[in-house]
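Listed below, chain by chain, are the residues.
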Amino acid sequence: MGDYYVPAKYLLNKIVAADILVAPLITAKTIELGSKYSPDFVCTPFKYTLGTMIEALDEGANILIQFGGGCRYGYYSELQEQILKDLGYKFELLNLVTNGKANIKRIYKMIKRIDKKFNIFKGLYYLFITIKMVKYMDKIDDYIRKNIGFEINKGSFSNLKQEMLEKFTLVNNPFSLYILYKKYFNKFKKIKINKPKDCLKVGIIGELYTLMEPFSNYYLEKELAAYNIELKRFTNVTYLLLKFKKINKKALKKSKKYMKYQFSADASSNVYWTKYLCDKKYDGIIHIKSSFCTPEIGVMPILDKIANENNVPLIHFSFDANTSEVGIKTRLEAFYDMIEMRRK
Amino acid sequence: MNCYLGVDIGSISTKGVIIDENNNIITSSYIWTEGNPVNAVKKLVNILKNNLDKKYVVKGIGTTGSARKLIGLLLDANVVKNEIMAHAIGTLSIYPDVKTILEIGGQDSKIILLNNGIITDYAMNTLCAAGTGSFLSSQAKRLNINIEDFGPLALKSNNPVKIAARCTVFAESDLIHKAQVGYKKEDIVAGLCKSIVLNYLNNVGKGKNIKSPVIFQGGVSKNLGVLKYFKEILNTDVIVDPNSHLMGALGIAILAKKNSIGKTYDLNIQNISFDTKAIDCGGCSNNCELLKIFKDNKLIDIWGNRCDKFIKN
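Protein chains in written order, with our numbering: chain A, 1067 to 1410; chain B, 109 to 421.
Among the hints, erroneous ones may be present.
[Claimed, not checked] The calculated DSSO-like cross-link candidates involving lysine-lysine, where the alpha carbons are at most 27 Å apart (straight line), are: (1) A:Lys1371 - B:Lys207; (2) B:Lys417 - A:Lys1395; (3) B:Lys207 - A:Lys1267; (4) A:Lys1267 - B:Lys366; (5) A:Lys1410 - B:Lys366; (6) A:Lys1298 - A:Lys1261; (7) A:Lys1347 - B:Lys207; (8) A:Lys1410 - B:Lys207; (9) B:Lys316 - A:Lys1267; (10) A:Lys1346 - B:Lys316.
Quick caveat, the hints were computed from the structure, so don't treat them as lab data.
If we strip away everything but chain A, and leave its shape as in the complex, we get (with noise of 0.2 Å):
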């Protein structure tokens, strides 16, 4: 998913004395294979993260991970073993999430069945320099969707975090991450950027998996920042990880007017945020999913009143396997040009 495979793989070669392969990066093979085995009416993140096994699987790994819960997501994990099984894979799969709960006690056993010398204490030690590092990257990751749109050269922001995150995976203890950290972050704000005072702003909300992983939503945010636009997006790891639960119990108790339950996932705080980039003066929300994501379709009708009452235009986009790229291309410039026109 985007480049978190930098930190997992991290975290991983730390604390386990096992071979780690990253998965190949998403191609449209990825998802041909995915889609061949999957259900057709399956939610798309599915379709990717089996096709990514299945690549995996073919690359020689033995043990694959995967979490679960939320929405359909709880149910990936079993399914998915059972797919493969019955495609003949000889594999182990450890889901580290059951029952919507990561019981550490489980997952402690797990990882000591694959390694019987795993410690826990260094385990919990470079954890937690994981999800430090984590954080970094998503408040630099938010830093680059802001000035992206605007660099006079290109190619330096995404060459500048690739430097970084090779060095990241370098750190050994939490103090010289902090360091590498503020290093970088210095170094990006002094990339050259040509950024008027009122550019244009857009919001990205929606589905995680779609938001996260840029081959599945087309190269999206690149697309919007050719058109020198500042992104803002807050669905990232660190809300996954850390903030999930506080950010949906505010959603509730701050949109009341919209809703009076919570929805599973995180459309909860998609309505929430709907709202919080309306207030900002956004010109322009994108509300992305995968085809067939049900706690997305359910909020849409709210989205869309809040767009409404604000007067901000908010359009929707559903990726599935078998998008026409074309007919994404057309409704974003149609967008752009939108949102263009009503500035002036």
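Using the hints, position chain B against chain A.
Same frame as chain A, now just chain B:
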């Protein structure tokens, strides 16, 4: 005198207009695309050129519609824009106070909401082609009716049949079923027109605040049956301009005028050889479908690549 050419290349038809400095249409043409946008545009430009007075010089060219990018390269256009913008600009030049534009074309349908001459919201069909012109024309062919006679026939009916129009496949089997149990042709045709309207309002128009003045355009706006049911269901007057099919081309011509770079174009494109060649890249497992564009046997562009690897080689 200066003039500007706008070309709207849709899936079914190709439209072109030439306007003067005051946005008046000097000449226009409307022909079938027939699955070959390059040939259609060559034919179209030839017709326009022959109708154009010698005193005019073309100072700008704009392209819109689904083949806008390809034809933009062929004509060396100074503006290449999506249909939504083109339709809005074209309509605004004739109806400055328009609030809603309903547009149904060959492959897509859209709704554009405007306020004080500014687009405030839009939507395009996402589901399928059930509510569009190509469905109407394929059904007309199946029922052996000229598409031009479709509207007048629908007006004869007082009792349109109900058709499951969610999806073309279901709609077609429903249509066949209705015909086989003995419904009259005009009732079926009227039901089809009504189903197009309902489908449009349920998909594209869902949740949109449709205010008058409402303008209906795109090829399907020429169908009197569809127009009748739009008026009936929206319970408001729906205007169809005599040039409703040309609005996209007009809009893009106006944009070409606004963005003119002072270059003079001649319209002799008959002898330009324009060719495309599709190949699979094979550089990685994305296996992008690449389209190479040749103009006069010279490679001018490659489309469809996700990275620059192929281009570098």
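Comparing the hints with the structure gives:
A hinted pair counts as satisfied when its Cα atoms are at most 27 Å apart, and Lys1371 (chain A) with Lys207 (chain B) qualifies at roughly 20 Å. Restraint check: the Cα-Cα separation between Lys417 (chain B) and Lys1395 (chain A) comes to about 22 Å, which is no more than 27 Å; the hinted pair holds. Between Lys207 (chain B) and Lys1267 (chain A) the alpha-carbon distance is near 26 Å, which keeps this suggested pair within the 27 Å criterion. The suggested pairing of Lys1267 (chain A) with Lys366 (chain B) holds, with an alpha-carbon distance near 26 Å, which does not exceed 27 Å.
Taking the CA atoms of Lys1410 (chain A) and Lys366 (chain B), the gap is about 16 Å. The hint holds against a cut of 27 Å. Under the criterion of a C-alpha separation no larger than 27 Å, the hint pairing Lys1298 (chain A) with Lys1261 (chain A) is consistent with the structure, at around 15 Å. Restraint check: the Cα-Cα separation between Lys1347 (chain A) and Lys207 (chain B) comes to about 24 Å, which is no more than 27 Å; the hinted pair holds. Pair hint Lys1410 (chain A) plus Lys207 (chain B) holds up; C-alpha atoms about 18 Å apart against a cutoff of 27 Å.
Taking the CA atoms of Lys316 (chain B) and Lys1267 (chain A), the gap is about 24 Å. The hint holds against a cut of 27 Å. Between the alpha carbons of Lys1346 (chain A) and Lys316 (chain B) the distance comes to roughly 24 Å, so the proposed pair stays at or under 27 Å and holds.
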